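Peer 1: What follows is each chain in one-letter form.
Number of protein chains: 2
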Amino acid sequence: MTDLIESLREGLPEEAVLTDPDVTAAYANDMASFCDAGAPAAVVLPRTVEQVQHVCRTATALRVPIVPQGARTGLSGAANASDGCIVLSLIKMDRILEINPVDRIAVVEPGVVNAALSRAVLEKGLYYPPDPSSWEQCTIGGNIGTASGGLCCVKYGVTAEYVLGLDIVLADGRLLSTGRRTAKGVAGYDLTRLFVGSEGSLGIVVRAVLALKPAPPEQLVLAAEFPSTAAACDAICRIMERGHVPSLLELMDRTSVRAVNALGDMGLPESTEALLMAAFDTPDPASDLAAVGELCTAAGATEVVPADDAAESDLLLQARRMTLTALEAVKGVTMIDDVCVPRSRLAEMIDGTAAIAEKYDLTIGVVAHAGDGNTHPTVCFDPADPDESRRARESFDEIMALGLELGGTITGEHGVGVLKREWLARELGPVGVELQQGIKQVFDPLGLLNPGKLF
Amino acid sequence: MTDLIESLREGLPEEAVLTDPDVTAAYANDMASFCDAGAPAAVVLPRTVEQVQHVCRTATALRVPIVPQGARTGLSGAANASDGCIVLSLIKMDRILEINPVDRIAVVEPGVVNAALSRAVLEKGLYYPPDPSSWEQCTIGGNIGTASGGLCCVKYGVTAEYVLGLDIVLADGRLLSTGRRTAKGVAGYDLTRLFVGSEGSLGIVVRAVLALKPAPPEQLVLAAEFPSTAAACDAICRIMERGHVPSLLELMDRTSVRAVNALGDMGLPESTEALLMAAFDTPDPASDLAAVGELCTAAGATEVVPADDAAESDLLLQARRMTLTALEAVKGVTMIDDVCVPRSRLAEMIDGTAAIAEKYDLTIGVVAHAGDGNTHPTVCFDPADPDESRRARESFDEIMALGLELGGTITGEHGVGVLKREWLARELGPVGVELQQGIKQVFDPLGLLNPGKLF
Chain A
1 MTDLIESLRE GLPEEAVLTD PDVTAAYAND MASFCDAGAP AAVVLPRTVE QVQHVCRTAT
61 ALRVPIVPQG ARTGLSGAAN ASDGCIVLSL IKMDRILEIN PVDRIAVVEP GVVNAALSRA
121 VLEKGLYYPP DPSSWEQCTI GGNIGTASGG LCCVKYGVTA EYVLGLDIVL ADGRLLSTGR
181 RTAKGVAGYD LTRLFVGSEG SLGIVVRAVL ALKPAPPEQL VLAAEFPSTA AACDAICRIM
241 ERGHVPSLLE LMDRTSVRAV NALGDMGLPE STEALLMAAF DTPDPASDLA AVGELCTAAG
301 ATEVVPADDA AESDLLLQAR RMTLTALEAV KGVTMIDDVC VPRSRLAEMI DGTAAIAEKY
361 DLTIGVVAHA GDGNTHPTVC FDPADPDESR RARESFDEIM ALGLELGGTI TGEHGVGVLK
421 REWLARELGP VGVELQQGIK QVFDPLGLLN PGKLF
Chain B
1 MTDLIESLRE GLPEEAVLTD PDVTAAYAND MASFCDAGAP AAVVLPRTVE QVQHVCRTAT
61 ALRVPIVPQG ARTGLSGAAN ASDGCIVLSL IKMDRILEIN PVDRIAVVEP GVVNAALSRA
121 VLEKGLYYPP DPSSWEQCTI GGNIGTASGG LCCVKYGVTA EYVLGLDIVL ADGRLLSTGR
181 RTAKGVAGYD LTRLFVGSEG SLGIVVRAVL ALKPAPPEQL VLAAEFPSTA AACDAICRIM
241 ERGHVPSLLE LMDRTSVRAV NALGDMGLPE STEALLMAAF DTPDPASDLA AVGELCTAAG
301 ATEVVPADDA AESDLLLQAR RMTLTALEAV KGVTMIDDVC VPRSRLAEMI DGTAAIAEKY
361 DLTIGVVAHA GDGNTHPTVC FDPADPDESR RARESFDEIM ALGLELGGTI TGEHGVGVLK
421 REWLARELGP VGVELQQGIK QVFDPLGLLN PGKLF
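Residue numbers (full-length UniProt numbering), protein chains in the order written: chain A, 1 to 455; chain B, 1 to 455.
Since the hints were made in silico from the structure, they are not lab data. Relax, there's no trap hidden among the hints.
One side of the interface only, derived from the structure: several residues of chain A facing chain B at Cβ under 10 Å:
no. : residue
1   : Ile105
2   : Thr146
3   : Ser148
4   : Gly157
5   : Arg180
6   : Arg181
7   : Leu202
8   : Arg242
9   : Val341
10  : Pro342
11  : Thr409
12  : Thr411
13  : Val416
14  : Lys420
15  : Gly429
Pairs of lysine-lysine residues, derived as DSS-like cross-links and limited to a Cα-Cα distance of at most 30 Å, are as follows:
no. : chain 1 : residue 1 : chain 2 : residue 2
16  : B       : Lys155    : A       : Lys213
17  : B       : Lys331    : B       : Lys359
18  : A       : Lys213    : A       : Lys92
19  : A       : Lys155    : A       : Lys213
20  : B       : Lys124    : A       : Lys213
21  : B       : Lys92     : B       : Lys213
22  : A       : Lys213    : A       : Lys124
23  : B       : Lys124    : A       : Lys155
24  : A       : Lys124    : B       : Lys213
25  : A       : Lys155    : B       : Lys155
26  : A       : Lys155    : B       : Lys213
27  : A       : Lys359    : A       : Lys331
28  : B       : Lys124    : B       : Lys92
29  : B       : Lys155    : A       : Lys124
30  : B       : Lys213    : A       : Lys213
Owing to the predicted nature of the structure, the values given are computational and were not obtained by experimental measurement. Note that beta-carbon positions come from the ideal geometry of N, C-alpha and C, so glycine has one too.
Sequences and hints are given; from them, build the entire structure.
Peer 2: The structure is reproduced here in structure tokens:
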């Protein structure tokens with residue numbers, strides 16, 4: 001232990017190595033429930049690639065595990081410390097190194113906050129789409145590690161689609177460059193993509209080349225109330241089937257709507273069984289909203305409210321943005337699931353979740369990136385009540401089983417971390433697990449990078 | 001050898017195992033120049049997953065290499081046979097299993113021809129964008145193996161972006177399912193993407209889940225003539241910098257324009273130094289073309305011709321489509337390079353290629369997917385002339401060196417195969433090569449799948 005701290009200090013400034021347990025304890029967890037975390041031996045906050053290499057070399061020499069961290073806003077425990085580990089926080093490596101409007105790329109360090117990048121590129125008329133709800137806190141490195149999504153994915157896809165190239169420090173301290181800064185490239189196996197979503201288990205991202213889009217026009221939002229989940233999901237199917245490309249297509253179930261009403265005075269109608277929100281950032285969003293509004297009405301919507309301008313659009317989205325906070329307020333704690341199903345199976349997923357809530361006598365609100373079939377069933381429970389906690393955990397698992405049964409995946413955008421390890425094996429099957437572990441072995445033969453995550 | 005043929009026949013119908021050397025020789029090559037090919041021991045044409053598994057099990061038991069093939073339209077020798085190998089042709093597995101307009105996916109076997117899929121999905125109002133120039137012959141399996149691109153990539157991206165999930169037969173005959181049929185998913189390392197562009201060296205794709213887009217409106221094309229490469233590339237930079245999203249942005253250099261005029265009577269002006277073609281499939285393509293036309297004029301275009309309708313658009317694109325044939329006619333044989341640079345460096349790439357042509361006293365025409373910075377310098381030579389052949393080969397290498405020097409990659413969409421093996425190592429560096437070979441070892445420990453390709 002003394003050896004470790006001394007060795008770390010040899011290549012890092014005084015203030016970049018934290019060892020006071022009261023301080024390091026603050027770095028033990030991300031935002032997931034039900035995930036154990038250990039006590040780190042040290043937290044390091046490097047500012048350069050060389051310092052990251054020093055940390056990795058030290059860890060390898062002394063066989064100490066490394067847990068890489070961004071802003072710790074993750075929801076699966078992927079950033080949780082293990083006992084005696086080095087927490088490697090990348091938040092001080094927060095420089096935007098380049099924004100190039102002709103090549104439509106940005107080059108960034110991993111600690112750049114998502115919102116900071118989004119604002120910086122917008123100033124140059126560009127758009128970095130991935131927008132997880134933690135975008136004001138979360139870092140690009142964390143987004144890459146967890147392959148995060150957001151509201152925009154239905155049109156713009158997830159983080160993976162924006163990562164062109166990476167600089168990586170391997171467990172033994174060697175530097176690897178993957179990918180490219182060009183629009184296309186197929187030279188060898190796609191290691192860049194392998195790192196996206198790898199939760200820091202293959203190497204430490206120290207620099208990323210990101211693809212950008214031209215900034216689209218501001219989006220206009222429509223809200224539609226439905227008397228049943230089935231009707232709302234029918235509308236979603238019609239919208240997608242007709243070839244519409246909304247920039248956002250979100251669904252709130254009855255429980256979410258009531259939770260939002262209980263928290264703030266949003267005035268959402270209590271009779272709503274499902275609230276659908278659609279947005280377009282096209283050249284003529286009003287006409288797209290009109291067409292989608294008609295499809296909603298045809299599917300049985302009882303009210304359709306299109307916004308006239310950006311301010312009204314923002315107002316309509318507020319209810320959606322408040323949902324997780326509102327559901328947290330129900331019992332104090334929530335456990336947010338992240339099951340993604342083919343969008344044609346969305347109604348079955350949401351109604352099935354309601355049945356699970358009833359079976360376990362729990363409040364489970366569902367918000368969904370409906371256009372992607374990506375649901376976030378949010379289990380509300382009181383952690384002081386052991387029986388309710390047990391039921392919460394069991395319902396959570398049953399929701400994942402339902403997702404798999406419907407041809408879906410256990411995680412659309414939050415990742416596996418500690419929370420869904422056992423479920424990952426179930427989704428991948430034994431051949432898949434064996435090959436994934438083989439890949440882990442190639443990059444990290446000593447198993448020092450984020451041990452106990454994923455597998 | 002007798003053992004091998006007998007064993008193969010145990011799990012395959014008579015007509016699915018070809019051994020006549022006159023017949024099997026026809027399967028020895030893809031369309032690359034300068035790439036050696038051996039004589040296969042047998043060509044097998046399975047129709048089912050079980051038959052592919054039987055072939056792989058047999059190959060593993062007898063330690064015989066397997067060379068997977070689609071339509072053999074590749075340009076890097078990735079499908080070339082090695083002596084004594086089993087050529088595993090997937091062209092008989094050509095069923096489209098599902099097209100789902102709500103989930104916007106297609107499920108296909110690997111032997112489906114790209115154009116057949118494109119037409120089938122278009123009938124349902126959907127669009128499968130990847131459009132390599134061999135689209136009437138090439139198969140989806142081959143497209144996945146080589147990660148192919150096409151004209152549409154500047155707006156719609158490459159094959160990799162449309163592959164959601166795969167069924168794979170491993171070298172030992174086991175079946176692996178990767179990915180998903182959902183819009184999003186981050187369960188474990190992205191093995192799906194690892195297979196795209198792996199040139200059959202990790203496993204045999206036997207089924208693919210592909211993402212589809214809604215069919216866009218028909219595109220309108222504009223052609224603009226420039227007095228210099230620099231002016232044309234300046235126009236490209238302005239177009240991209242202003243946030244335009246063309247569905248096609250192609251460039252022909254002077255040599256290509258002259259070759260096309262020599263072949264057919266296209267009436268392209270002989271004074272043209274660079275011909276730019278842009279297209280839009282937006283709701284109002286005429287207004288987009290007008291805006292882009294102004295940018296071309298501002299950059300120095302001497303003539304700007306926007307099409308009024310689809311027929312005129314097609315006419316304008318004919319010259320572009322004829323280019324490779326026209327360049328082939330110059331000397332009988334061509335060697336098509338595939339260097340991709342950041343689009344801001346495109347002018348340097350094209351002018352640099354002209355200088356290389358002069359240095360080696362060769363005709364080298366350049367067509368480029370200009371919006372992607374992806375150039376296809378096409379070296380014309382007479383294979384009966386040993387000195388010219390040598391100069392062709394040397395110029396080809398010098399073009400790749402220039403691409404790397406400009407921050408580019410040795411292959412934007414054609415892949416590595418046999419042709420660019422040495423160059424792959426140069427682009428990846430020793431750490432990259434070591435890790436890529438480690439991955440190969442995990443999937444194919446006996447080294448039976450497409451040996452001698454990539455590395």
